[in-house]
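Engineer: Taking the hints into account, I'd like the entire structure generated from these sequences.
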Amino acid sequence: MGERMTPAEIVGELEDGMTIGIGGWGSRRKPMALVREIYRSRLKDLTIVSCGGPDVGLLCAAGKVRRLIAPFVTLDSIALEPHFRAARQAGVIEFTEYDEGMFMFGLLAAAHRLPFLPTRAGLGSDVLTVNKDLRTVRSPYPGPGQEDGLDDGEEVVAMPALTLDAALVHMDVADTRGNGRYLGADPYLDDLFAKAAARTYLSAERLTAPGEVGGPPQALLISRMHVAGVTDTPGGAHFTGHGAAGERDEAFQRHYAESAADPGKWKSFADRFLGAGEAAYQREVRRWHEERA
Amino acid sequence: MSDTSASGPSAATHSTPATHSTPATRAEVCVAACAEAWRGDGEILAAAMGTCSVLGARLARLTFEPGLLTTDGGALLTAAPIPLGAGPGKIEGWLPFREHLWLVQNGRRHVMMGASQIDGYGNTNISVIGDWAKPKSQLLGMRGAPGNTICNPVSYWIPRHSPRVFVGKVDLVSGVGYDRARELGPDTSRFHGLRRVITNLGVLDFATPDGRMRLVSVHPGVTVNEVVNATGFELVIEGEVPTTPAPSTEELRLIREELDPKSLRDTEVAS
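Which chain is which? The protein sequence lines are A and B, in order. The first sequence stops at residue 278 when you use the working numbering, and every number in between is there. The second sequence stops at residue 381 when you use the working numbering, and every number in between is there.
It should be emphasised that the hints constitute simulated quantities derived from the structure, not laboratory data. This one's a predicted model, so the numbers in the text were calculated from it and none came from an experiment. You can trust all of the hints, since none of them are fake.
Listed below are several chain B residues computed to face chain A (Cβ distance under 8 Å; list not exhaustive):
| no. | residue |
| --- | --- |
| 1 | G184 |
| 2 | V214 |
| 3 | P245 |
| 4 | L282 |
| 5 | V286 |
| 6 | A291 |
Simulated crosslink set (DSBU-like; lysine-lysine; CA at most 35 Å straight-line):
| no. | chain 1 | residue 1 | chain 2 | residue 2 |
| --- | --- | --- | --- | --- |
| 7 | A | K117 | B | K246 |
| 8 | A | K117 | A | K180 |
| 9 | B | K246 | A | K250 |
| 10 | A | K29 | B | K246 |
| 11 | B | K246 | A | K252 |
| 12 | A | K117 | B | K244 |
| 13 | B | K244 | A | K180 |
| 14 | A | K29 | A | K250 |
| 15 | B | K246 | B | K279 |
| 16 | B | K372 | B | K200 |
| 17 | A | K252 | B | K244 |
| 18 | B | K200 | A | K180 |
| 19 | A | K250 | B | K244 |
| 20 | A | K180 | A | K29 |
| 21 | B | K279 | A | K117 |
| 22 | A | K29 | A | K252 |
| 23 | B | K244 | B | K279 |
| 24 | A | K117 | A | K29 |
| 25 | A | K29 | B | K244 |
Glycine included, C-beta positions come from ideal geometry on N, C-alpha and C.
Structural biologist: Here you go:
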């Protein structure tokens, strides 16, 4: 069951060198308040596992990432993530790059305590050449090519389990025990991140009393049995999009991306938005919009 | 079920009948050429990336391939093809990313992807330019390209046909081409199949004995030489190359009035 915590308390439970999974997808429903807290923390040498967006970008900018495991990093409406690009092009992060389906299978394997799951994805591509440790396995069952006189089973990729020390996910609504509900059309892979992790920390736009989360039962994506801590972070996904009422803040994302692409502009951005705590971030974002209105 | 009565966004008041009598723009030729890639596919998901590609999938569904399933650009399967940028309207299904990834494995899907680089056998790269270990330019990452190409029929939409994109050798293979597929053997590669490559200059395919890329047609106003000069490897060219068919009057009406009234296609392919 999740304990009610502050973002700072959650990040205080993370340790240097941990493998941390981050839910959401690209620039969609990212637990950005928790990511910003890590940005300001003393944590280092993290392995980040993510369908990457600005979460990966910010953590690269802060020098927190030793290794990234991801099928992509994008801001969606802006194709390329400037901080991730800069980190890769400077050669300062290790990168384990998988196909999206392989990545999902890695989480599924970890969620079910399996060493790997077989998949066709990756065969013939350079996924197998850039990941030197990746192995294939041969099916113990007869393959489709019986008529050619060979009775070898099919060879498939053995996607290793992506086991996580901790997962961070963001929901639209959660109860104080850590049961979480999403309001948008896509759960992304958030429940798999939670099940693949030794412990999960859940941030939510809004917290309710137990049993008061509401909505259809199938929208209850995250169960308290996986959750170690839950925190109330209104606007905590900003600037990424979340549920039906939470579109991505495209104007601010453009401001982020333009700032991230220029070291001078990035310093002003970081000083203004990321220096103090989450309340200061939310206040400065409101002011930024007012200045432009 | 095959919905032969699918008529799409019922709609549109035809207050400006003159708009579809003007000749097709290059972008409109591209949309119709993209649509052709899904001909004969029946009741599968037409997944598409890029403006003309998305329009092509929806146009195919509205005309000759009514069984196709198309999305709102997100997790919803729409009951009818919708205009670009519009809300989903009535929906007929749910396809969040995880279900999309399962569908790749299931195979009832033909995807039209983009490519930053493509070679003569259809190997594609969307991941990095330069050395993978320390790239000159980091792009998106491999995304779903490895799984898509080994599990599903795949076509490509490339809005800027140039020697920078059509290269002799891609820097990294994210999408699997015919030479790589052949090395895997007939069993492992039995779901691999590259259908077409549509560009702003023409239509290409791989219908050659060794799976090399062939020029199928050039768009109206484009010469074979232009395509050859914009391609960094030797294309298979068999005899006289035909011209890509222009969209019909009805197809032009659907593109202009129903699917893309804001002409977003023109921002992807200049006239």
